[in-house]
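4 protein chains.
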Amino acid sequence: MNEELIRKVLAFRQNRNWEQFHNPKDLAISISIESSELLENFQWKSPEEALDLKKDNIADELADVLIYSIYMAETLNISIEELILNKLKKNEVKYPVEKAYGKKDKYTDL
Amino acid sequence: MNEELIRKVLAFRQNRNWEQFHNPKDLAISISIESSELLENFQWKSPEEALDLKKDNIADELADVLIYSIYMAETLNISIEELILNKLKKNEVKYPVEKAYGKKDKYTDL
Amino acid sequence: MNEELIRKVLAFRQNRNWEQFHNPKDLAISISIESSELLENFQWKSPEEALDLKKDNIADELADVLIYSIYMAETLNISIEELILNKLKKNEVKYPVEKAYGKKDKYTDL
Amino acid sequence: MNEELIRKVLAFRQNRNWEQFHNPKDLAISISIESSELLENFQWKSPEEALDLKKDNIADELADVLIYSIYMAETLNISIEELILNKLKKNEVKYPVEKAYGKKDKYTDL
Numbered sequence: 001m002n003e004e005l006i007r008k009v010l011a012f013r014q015n016r017n018w019e020q021f022h023n024p025k026d027l028a029i030s031i032s033i034e035s036s037e038l039l040e041n042f043q044w045k046s047p048e049e050a051l052d053l054k055k056d057n058i059a060d061e062l063a064d065v066l067i068y069s070i071y072m073a074e075t076l077n078i079s080i081e082e083l084i085l086n087k088l089k090k091n092e093v094k095y096p097v098e099k100a101y102g103k104k105d106k107y108t109d110l
Numbered sequence: 001m002n003e004e005l006i007r008k009v010l011a012f013r014q015n016r017n018w019e020q021f022h023n024p025k026d027l028a029i030s031i032s033i034e035s036s037e038l039l040e041n042f043q044w045k046s047p048e049e050a051l052d053l054k055k056d057n058i059a060d061e062l063a064d065v066l067i068y069s070i071y072m073a074e075t076l077n078i079s080i081e082e083l084i085l086n087k088l089k090k091n092e093v094k095y096p097v098e099k100a101y102g103k104k105d106k107y108t109d110l
Numbered sequence: 001m002n003e004e005l006i007r008k009v010l011a012f013r014q015n016r017n018w019e020q021f022h023n024p025k026d027l028a029i030s031i032s033i034e035s036s037e038l039l040e041n042f043q044w045k046s047p048e049e050a051l052d053l054k055k056d057n058i059a060d061e062l063a064d065v066l067i068y069s070i071y072m073a074e075t076l077n078i079s080i081e082e083l084i085l086n087k088l089k090k091n092e093v094k095y096p097v098e099k100a101y102g103k104k105d106k107y108t109d110l
Numbered sequence: 001m002n003e004e005l006i007r008k009v010l011a012f013r014q015n016r017n018w019e020q021f022h023n024p025k026d027l028a029i030s031i032s033i034e035s036s037e038l039l040e041n042f043q044w045k046s047p048e049e050a051l052d053l054k055k056d057n058i059a060d061e062l063a064d065v066l067i068y069s070i071y072m073a074e075t076l077n078i079s080i081e082e083l084i085l086n087k088l089k090k091n092e093v094k095y096p097v098e099k100a101y102g103k104k105d106k107y108t109d110l
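First to last, the protein sequences are chains C, A, X and Z. If you're matching positions, the first sequence starts at 1 in the working numbering and goes up one per residue. If you're matching positions, the second sequence starts at 1 in the working numbering and goes up one per residue. If you're matching positions, the third sequence starts at 1 in the working numbering and goes up one per residue. If you're matching positions, the fourth sequence starts at 1 in the working numbering and goes up one per residue.
Possibly wrong hints are sitting among the right ones.
Given that identical chains are not distinguished, each listed pair holds provided it fits within a single copy or across any two copies.
Derived pair list, reagent style DSS-like, types lysine-lysine, alpha-carbon separation capped at 27 angstroms [claimed, not checked]:
1. K8 / K94
2. K94 / K45
3. K55 / K8
4. K87 / K106
5. K104 / K89
6. K104 / K45
7. K87 / K54
8. K8 / K106
9. K90 / K55
10. K55 / K104
Calculated directly from the structure, the hints in this document are not laboratory data. From a predicted model like this one, the values you see are computed outputs, not experimental measurements.
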């Protein structure tokens, strides 16, 4: 994620003096709530129907998940890039291509 | 988020032939499940205690939220940057600085 | 829910001296985590496939949701029956039969 | 849970012809969404503050979790009582009193 974008997301809460509320436990709660609001767009619907009817709202709720995730990464003092690259490395081990190819099973069931 | 990183995240699933499972409804379910696994690190703990004991796991689960969010953005065919900038603009309207400064209320209660 | 069952669920935590951890915020977190573990059984699967492959685990995770819900009701000092009957009354108003019949829309969209 | 209450909850959806939407995957999604709405009452708040300000809403969202759980139990064709008693038995094994007394750790860490 580019520096400029991160700077804007952090400025948004600084301007409102909201860092005081943003302890990591409440940030984790917020990511979970926003991801549930994202999911609500798909409730009782097929994937296609949801995209058709709710695309803008899906985009907005996904953005909320990402914004709170940026605050959480800031709290952890790790960059988004480093977080993701570290995890991809672990996932390479958990899901080697030759075992995981075309399978939807959890790594514990592979 | 830089192109190179996005490319790696997309290559990870391509190499495993997993796009066939990644319809947007199941991606929304996955973001929600991973955010809940993130939250589990804080269950029964103070924010400080959780960071002390579980920082590595918190980082990994946050990365999982981000990885699935990248897949969802790809499905929507919108860049992460655009998603976040659009939402920040809406949040500026919902939470004007003069009304929201230092307040933790939802915009509907401001 | 019968008295005897509630008594057993409460005795389980009393015997382990766990009431000290069970503040309502962490109970709400726990209900959310368990409901997500319930949902995980359906990830990447059709409803039928999930029931076929994961029925026992679905039952167990649903039970966890219910057990934490009983602890939350105890904290609120309201019986499960009263909680549900109160809400059904409100739902009758939000979803009148003549408007909601055969429709899956949220009441705000009816 | 008494027969009469279950009967009322089932009649509510029958009267609206909603069984057609209630496949178990969407029910699991719904339980997860409602538990997240329950949790939202605690966002940015201490447990005490949330109970003070949001008790009625907490009760309503908990009721929604319970109502969808009743529909899920019906789908599984297992009574709430049986579900809970089966799980308590398993929890007795995972969390024996002598090991779990006064500890908040997950059974895998005991």
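- [ ] Identify every previously stated hint that the structure contradicts and give their numbers, smallest first.
- [x] The structure breaks none of the hints.
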